Amino acid sequence: MDPGEVPEELQGLTEIGEMLIARVFIVISEINFSQDIQELATRLPRHPLSLKF
Numbered sequence: 011m012d013p014g015e016v017p018e019e020l021q022g023l024t025e026i027g028e029m030l031i032a033r034v035f036i037v038i039s040e041i042n043f044s045q046d047i048q049e050l051a052t053r054l055p056r057h058p059l060s061l062k063f
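In our numbering, the protein residues as written are 11 to 63.
Treat the hints with care, as some may be off.
What the hints assert, rightly or not - In silico SDA-like links for lysine to any residue, alpha-carbon gap of 20 Å or less: (1) K62 x L50; (2) K62 x T52; (3) K62 x A51.
In case anyone wonders, no lab produced these hints; they're calculated from the structure. Just so we're clear, the structure is a prediction, and the values are computed from it rather than from any experiment.
Could you put the whole structure together from the sequences, leaning on the hints where they help?
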């Protein structure tokens, strides 16, 4: 995403300053667990038409 040129008044902002004037502040947490998915992958249907609806 290219937001365009930053106005001169905003070029010296610190990260905290940017966060204070931002309309949206996103917080993300991610956790990864190692697991063997071979059995699950072989039990899943191969084609949508094979699903029993």
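**Asked** Which numbered hints are broken by the structure, listed smallest first?
**Response** Failing hints: none at all.
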